[in-house]
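Each chain is listed here by its residues.
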Amino acid sequence: MCTTCGCAITPSGNQALESRPTPAGVVVDVLQDLLGANDRVAAHNRDHFDGHGVLTINLMSSPGAGKTALLEATIVALRGRYRIGVIEGDLETDNDAARIRAHGVPAIQITTGTACHLDAHLVHRALHELPLAGLDLLFIENVGNLVCPASFDLGQHRNVTLLSVTEGDDKPAKYPVIFRASDLVVLSKADLLGVLEDFDPERAAAALRALGRDTPMIRTAARRAPAIESWLNWLERELRAWRPVRAHRPLIAASLGA
Amino acid sequence: MHELSVCLALLRQVAQIAEGRGLVAIERITIEVGPLSGVEPTLLAGAFSIARAGGCAAQAVLVIESTAVTIDCVSCGERSQTVPNRLSCSVCGGVITRIVAGDELRLRRVELTPPPALS
Chain A
1 MCTTCGCAIT PSGNQALESR PTPAGVVVDV LQDLLGANDR VAAHNRDHFD
51 GHGVLTINLM SSPGAGKTAL LEATIVALRG RYRIGVIEGD LETDNDAARI
101 RAHGVPAIQI TTGTACHLDA HLVHRALHEL PLAGLDLLFI ENVGNLVCPA
151 SFDLGQHRNV TLLSVTEGDD KPAKYPVIFR ASDLVVLSKA DLLGVLEDFD
201 PERAAAALRA LGRDTPMIRT AARRAPAIES WLNWLERELR AWRPVRAHRP
251 LIAASLGA
Chain B
1 MHELSVCLAL LRQVAQIAEG RGLVAIERIT IEVGPLSGVE PTLLAGAFSI
51 ARAGGCAAQA VLVIESTAVT IDCVSCGERS QTVPNRLSCS VCGGVITRIV
101 AGDELRLRRV ELTPPPALS
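Protein chains in written order, with this note's numbering: chain A, 1 to 258; chain B, 1 to 119.
Rather than coming from a laboratory, the hints here were simulated on the basis of the structure.
Incorrect hints may have been included.
What the hints assert, rightly or not - Partner residues are not named here, just some residues of chain A that face chain B (Cβ under 10 Å, in silico):
1. Val27
2. Gln32
3. Gly53
4. Ile57
5. Ala115
6. Lys174
Unchecked claim - Label pairs and their calculated CB-CB ranges:
7. Ala77/A to Arg12/B: 42 to 48 Å
8. Gly20/B to Arg125/A: 25 to 31 Å
9. Ala102/A to Cys76/B: 50 to 56 Å
10. Val74/B to His128/A: 56 to 62 Å
11. Arg12/B to Gly51/A: 49 to 55 Å
C-beta atoms are modelled at their ideal positions from N, C-alpha and C, and glycine is treated no differently.
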């Protein structure tokens, strides 16, 4: 048994490896991920997404970094090309879902109350309210928080973290867990770089590179004159690279070109 | 503050283990929490002291073992220990590394008290 990398964890993740009596009682040696129950539901969610051929992206950032604004600009830009759905996570209000629905896109609001993150169970409940069979792309806008969302798999295929240029450029060094888990980092509100002397994109990129993954970093501006081409290009590439299973689509329909 | 969620998941797991063996009380729980797990050990310990009340772990001691952040460089193959926000290779400067330890969030051991013997 390798105690370093946990390779003895069984597929079910819940088997006690050894049980031995002692004078006082019984010692049960276990190797079990503490979030195993969440991870099992996340895998189930991923099966749903795969089965319907929906690429699912977990969008994370601190509060106010512009996640919803980026989604609004994305929906406008991709209208008629991809069918988009959104799951919104916030502690309270359905303001963000209402913003998304105003663009004619299905959006389910999860209000977490006092909870600081979405988990796989919450997403599972929401996904059954979405018309998954009619979607190409699902965004899960996580609760604004750079700490807690990083610990909970939701069943997504990609993690994207926004870092707005109104924040510190050392955020990747301060919050290494979430930035290391990211497949893409988006410098949002980049149109403000000209008036913000403190934020150095190179310093942000260096802090990101120090996290041991070659994570791409792009710039967007979602307000006024939206400049989100690099983001749209990344989405297009990911949609092409990802091979959806589309298990629920009858083969005969595909062969008839339906 | 997601430490409370983690703590509740832990208590559910140890309760299952205790019930599965017909044992009444949990004396000690040992878990591994790496610096890259995203969980703060002191907050987890604080959450545990509240969340354990009333259950089979009400008297249990929580032992939290930490691990050192350890990476393998994909370029040069060197293994090194480091800190959570320095995960590129310190030997060759390689950008891409694999984490081999330091991200654990794992239940390791449960120590239980058997039910009183029937006389």
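Here is how each hint holds up against the structure:
1. Val27: holds (5 Å)
2. Gln32: Since chain B brings a Cβ to about 4 Å from Gln32/A, closer than 10 Å, the hint holds.
3. Gly53: Cβ of Gly53/A sits 30 Å from chain B, so the hint is violated.
4. Ile57: violated (20 Å)
5. Ala115: It holds, given that the least Cβ distance between Ala115/A and chain B is near 7 Å, below 10 Å.
6. Lys174: For Lys174/A, the interface hint holds, since the closest Cβ of chain B sits about 8 Å away, which is under 10 Å.
7. Ala77/A to Arg12/B: 42 to 48 Å: holds (44 Å)
8. Gly20/B to Arg125/A: 25 to 31 Å: holds (28 Å)
9. Ala102/A to Cys76/B: 50 to 56 Å: holds (52 Å)
10. Val74/B to His128/A: 56 to 62 Å: For Val74/B and His128/A the Cβ distance comes to about 40 Å; the hint is violated.
11. Arg12/B to Gly51/A: 49 to 55 Å: Violated, since Arg12/B and Gly51/A (Cβ atoms, about 28 Å apart) do not stay within the stated range.
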